[in-house]
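Participant: So the protein sequences, as listed, match chains A and B.
Residue numbers are given in our numbering: position 118 of the first sequence equals residue 144, and the series is strictly consecutive.
Residue numbers are given in our numbering: position 144 of the second sequence equals residue 173, and the series is strictly consecutive.
Please keep in mind that the hints were generated in silico from the structure rather than gathered at the bench.
Using N, Cα and C, we set each Cβ at its ideal position, and we do this for glycine too.
Do not rely on the hints blindly, as some may be mistaken.
Which bits of chain A does chain B cover? Going by a derived footprint, with three or more residues having C-beta under 8 angstroms, they are [to be verified]:
hint, stretch
1, 175–186
2, 193–202
3, 219–225
4, 234–243
To give a feel for the contact side, a few chain A residues facing chain B, derived at Cβ under 8 angstroms [what the hints assert, rightly or not]:
hint, residue
5, Gln207
6, Phe229
7, Leu231
8, Asp246
Which residues of chain B face chain A? A few of them, derived with a C-beta cut under 10 angstroms, are [said to hold, decoys possible]:
hint, residue
9, Tyr101
10, Thr138
11, Phe170
12, Tyr207
13, Gly214
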Amino acid sequence: MNVLLAVLWKDLLSEWRRRDRVLAMLLFSLLVVAVFHFALVGVSDAQLRASVPGLLWIAFLFASVLGFNRAFALELENDALSGLALAPADPGWIFLGKATANFLLLVVVQAVTAAVFGVAFDLALAPIALRLAGIVALGSVGLTLVGTLFAAVAVRTRYREVMLPLLMLPVLMPVLIGAVQATAALFGGEGVAAGSLRLLLVFDLVYLIVSFLIFEYVLDE
Amino acid sequence: MANRAAGGPDDPAAERSGIDRLAAACRVPAGITLVVATGIYLTLVWQAPIDSVQGIVQKILYVHPPLAFGAYLGFIGTAVGGFLYLWKGDEQFDRFALSSAEVGVLLCTLMLITGPIWAKATWGRWWSWDLRLTVTLILWFIYLAYLLLRSFSEGGSRAARFSSVYGIVGVLAIPLNYFAIELAGGRTLHPENLERGSLGEGMGWPFAMGALTTLIAYGYLLAGRLEVEDLRRRVAGRAAALEGAVGD
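Please put together the full structure from these sequences, using the hints given.
Facilitator: What follows is the structure in structure tokens.
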């Protein structure tokens, strides 16, 4: 547990000093909002409202690919990754430290992106903000776990930036489906979609356990 | 490849492991069995009645679901091989996982090709975002990424570890995807069960023979692929030993 906090603190501190990763993610997801606006030509307001949950999650997904790639690319400098591998600590906790840092960065980006979405597409987000935050958090846990695990893999392959989305997108399909369904139900005023939330919860739990146990084989030099 | 062969006369890399010996012993008998089985299978399919509603195209039934069995078998083999590799650290399990993934991708690709042909004839469109179809498509993506990861990873043991991890994580996505797509309202157009009795008269035997033939084909291709992997390993071991001898 101390290892988790130490890695988390290290990552957040270095992010605070540079602030480049979160800014890049943020700028990127704002760009995506603009891209969506120009890509959706001749779409009626109702159709737009129906596609916003999907667009929102696409923006989150792309931003996370961008950010997670950097999380381990940083560790390659000065061979810090070997240092982490040699640290006398359970690799699982190192993983959770990295994942928590990624999660917190992602949450900041998501909050801003969602607010911009609300303004850009004229959505009344304020009354559902809390429930939306809950869904986004639930989806992002799975997103971060899988993304962080594969970022550690992808960063040590050739074409590392290319490899991460190819690895994580197909595995993350259940998260995307569950999260979009839940968000759509919320926007459509149908309340809480219990099935989707259960799916997200199961996914989070399964990948929490698996990635905690399996990270040892990814880190091992 | 320094981690693979120490060189010298008692080079451990020259020794064949259990799986390699089994593959080498099975390949020829499996090939002969496959030829015989294919003969019986084609005869049975030829004699099977032509569907009164769908016509001749219905005979894809004897090809398409058996390919699915083979594909899923291949992917489960990959996950099991990966798990055993991480657990035991024995390279032979990794070679098994890789070979199984390649055969699985081949069978899965054939399934994704035969499916739309049947679908166009009976459902009227090439593709539908049907429950099983979508799950299989995602699975196909996962295992293509698996093969890509292998070719983009450097170093024998690292590539093996990374892909083992991915193989295990990938197989876990199957049930979750199933649940997810069902949730998204993806009804299935596929029949719910293939229990005894759900097939028409005279369809059971060719279908069962199709499944059996696919399993034999899987075994034959797997054995051949394992032999290639074994030869590759031994050549690498010899090359390393020769280099060592020159270096001395």
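Participant: If a hint holds in the structure, say so; if it does not, say that too.
Facilitator: Taking the hints in turn, this is what the structure says about them:
1. 175–186: holds (count 7)
2. 193–202: Held - the stretch 193–202 of chain A has 6 residues with a Cβ nearer than 8 angstroms to chain B, which meets the minimum of three.
3. 219–225: It holds: at least three residues are needed, and the stretch 219–225 of chain A offers 3 whose Cβ sits within less than 8 angstroms of chain B.
4. 234–243: holds (count 4)
5. Gln207: Hint holds; Gln207 (chain A) Cβ to chain B Cβ min 6 angstroms, cut 8 angstroms.
6. Phe229: holds, 6 angstroms
7. Leu231: violated, 11 angstroms
8. Asp246: holds, 7 angstroms
9. Tyr101: Given a least distance of 16 angstroms, the restraint on Tyr101 (chain B) is violated.
10. Thr138: violated, 15 angstroms
11. Phe170: holds, 4 angstroms
12. Tyr207: At about 9 angstroms, which falls below the 10 angstroms cut-off, the nearest Cβ of chain A leaves the hint on Tyr207 (chain B) intact, so it holds.
13. Gly214: Hint holds; Gly214 (chain B) Cβ to chain A Cβ min 9 angstroms, cut 10 angstroms.
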